[in-house]
Amino acid sequence: MIFIKRAGLYCLRQRCRTIILFLVLTIIAAFILTGIAIRDAAEGATADVRTAIGGKIILDIDKDAAAWKNEQYDWGTAATYSGDQITQKQVDAISKVDGVADYNVEETAAYYGAGVNFDYLPATYELSYTPYGEPSIYTVTLSSGKCKSFLSGKYKLVDGRHITPDDKYTCLISKQLADYNKLSVGDKIKMYSLDSDSISEFEIIGIFDGTEGSFGNEDTVSDVPANWGYIDYAALQDIFKNIFNIDYYQHLTIFVDDPANIQNVYDKISALPELKGKTLKLTIDTDEYDVVSTPLTSLQKLVNTTIIIVCIVSAAVLTLLLTIWIRGRKKEIGILLSIGKSKANIILQIFTETFAVAMISFAAAIPFSNLTAQKAGAILVSRITTGTTNLHVHMDAAYFPAFCVIGVFLIAVSVLASTWPVVRSKPKDILAKMS
Amino acid sequence: MSIIQTCNVKYSYDRNKTILKNVSTEFETGKIYAILGPSGCGKTTLLSLLGGLDSPAEGQVLFQGEDIGQKGLAWHRKNNVAFIFQNYNLIDYMTPAENVALTSKLPPLPILARLGLTKEEAKRNVLKLSGGQQQRVAIARALASDVGILLADEPTGNLDEDTAAGITNILKECAHQMNKCVIIATHSHDLAKQADVVMRLRKGELQITDVFNAND
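Chains as they are written, first to last, in our numbering: chain D, 1 to 435; chain Y, 1001 to 1216.
Simulated from the structure, these hints should not be mistaken for lab results.
Where a beta carbon is used, it is the ideal one built from N, C-alpha and C, also for glycine.
There could be a bad hint or two in this list.
[As the list claims (entries may be wrong)] Examples of chain Y residues lying across from chain D (beta carbon under 10 Å, computed): (1) Cys-1007; (2) Asp-1092; (3) Leu-1129.
[Stated by the list, open to error] Heads up, simulated DSS-like pairs for lysine-lysine below, C-alpha to C-alpha not over 27 Å straight-line: (4) Lys-96(D) - Lys-278(D); (5) Lys-278(D) - Lys-268(D); (6) Lys-5(D) - Lys-1123(Y); (7) Lys-1123(Y) - Lys-426(D).
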């Protein structure tokens, strides 16, 4: 009788043990599958973050390397940067570098606008140094969706759309400011700029939130985050076209496809002839990616550790259970040895018994672990990540090869560990103890 | 011609207590051998060495002139010998038919029928059979393996007189009609009387007599 048939007979005739083994293996399988699903979801989320945020390379004017020249103004003398600026030609060259996904310009507080036909949320002190009251600060950008606060999840667009490079005289305002003035997407606001001494009209194309909680604690209007907004770069260039030459940028954010490849992209950009010899500074910035991905990496590490611990504990529990049962099967092992069955043949029988039950357990664990994975994933996300990350935990057929390898390995280790002390004994000793 | 022989076999427990001292003997096919001796004299140990359940500390066990260790003890147990134990040693979650099938690919029912078990009994759990029936199943398992040597350790020790007589007859049939070498370790004088050769183990040494003598 071959070992497979003996294993089958044992499983069928020793039903109580088979059911206990089935339950234990189902629980173990559910734990491991849950762990694999969460780890995979965390990996997927990290990859999503990579794609969404990417790595960033910053191109700045190098104020340390360039000479400064003193310029005389009506109000006095000021030292002005006289080095190279970032030109559109350079930006075009950079955008063609392999691995560059996109670029953006984000100039914080590059425009100060006082409300002409709307009011800012009040601050502690009301300053009125323009005819229209105190101005607030606006970030000037090519693409507001790629600005730091939106990428990090601090701000979220709740209505309308983001500013794009094709926009002109468009703006984003906070939900608090919109509510305060009963403004909505499509409305137009007028702002006065003291620097250009002009009034400009902007169309509200988007409203964002994330400024809540800071209102009422600031000294001036421009200190209140809810008064801050975004305008497009084309508007800034148009407003100041007769005052300053700003057909260039001072700060360019370059997004790469994959942060893992960022050094390679950095090297390629550095080697561009358009940048050679210019007083421009290129630096790698992965801060935002790190902020979002670190909790996910921690989650992955935690889940990996948990899977290892579960595997070790499972192997221990399984070994203990099999050891107890195999002690009761010494007689059977002695008989099998006495009729000439090899040790390997006996171990294979016990392995087959466990493996056969395990296959059914693994299948039974799928729906169970699907539920536990989703629950556990939700709990872990809420506790470990900032809440800005979506973790899509689900069972995937792709997990099963890896899971089966782990399962078979655990069973093999447990069967060997539990049977070896008995099987290595001399058949005579086993039979003598039985007598 | 001898089928199995021991050459200067020595065996001891814990290096101090010597059980067998230079035991040299031969066993032939077609005969029943009875090994007599007090408890603990080494009867079972000698059977274990002949059956490859253990190895001698010194000396050799030869099957048809070849050391049984050469092809491996498991191979020897599978192909050359079969055991019949006092406590039957049947696998308790199997039926008699399945126990017999452990050692042979031949259909087990005819062998069991030859030993007096009905078809219905052959498909019962072995624990639901009487002692005599269980021993018959053990003998059937030994015969099914189609080996030349049957090693029986107190085969009638747990049986009543009538059942023991039946088992003894089966063993005699195995030796005399099936031409097997049947070696029995026993305390039973009744069983020893049926043997062709009687051996006595005393203080680790084996003495051979051709016939049973109760006064020896």
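Each hint, compared with the structure:
Because the smallest distance between the Cβ of Cys-1007(Y) and any Cβ of chain D comes to about 20 Å, over 10 Å, the interface hint for this residue is violated. With 10 Å as the threshold, the beta carbon of Asp-1092(Y) comes within range of chain D, its nearest partner Cβ sitting at about 8 Å, so the hint holds. Because the smallest distance between the Cβ of Leu-1129(Y) and any Cβ of chain D comes to about 16 Å, over 10 Å, the interface hint for this residue is violated. Between Lys-96(D) and Lys-278(D) the alpha-carbon distance is near 19 Å, which keeps this suggested pair within the 27 Å criterion.
With a CA separation close to 16 Å, the supplied pair Lys-278(D) and Lys-268(D) stays within the 27 Å bound. Restraint check for Lys-5(D) and Lys-1123(Y): the C-alpha separation of about 16 Å stays at or below 27 Å, so the hint holds. Taking the CA atoms of Lys-1123(Y) and Lys-426(D), the gap is about 32 Å. The hint is violated against a cut of 27 Å.
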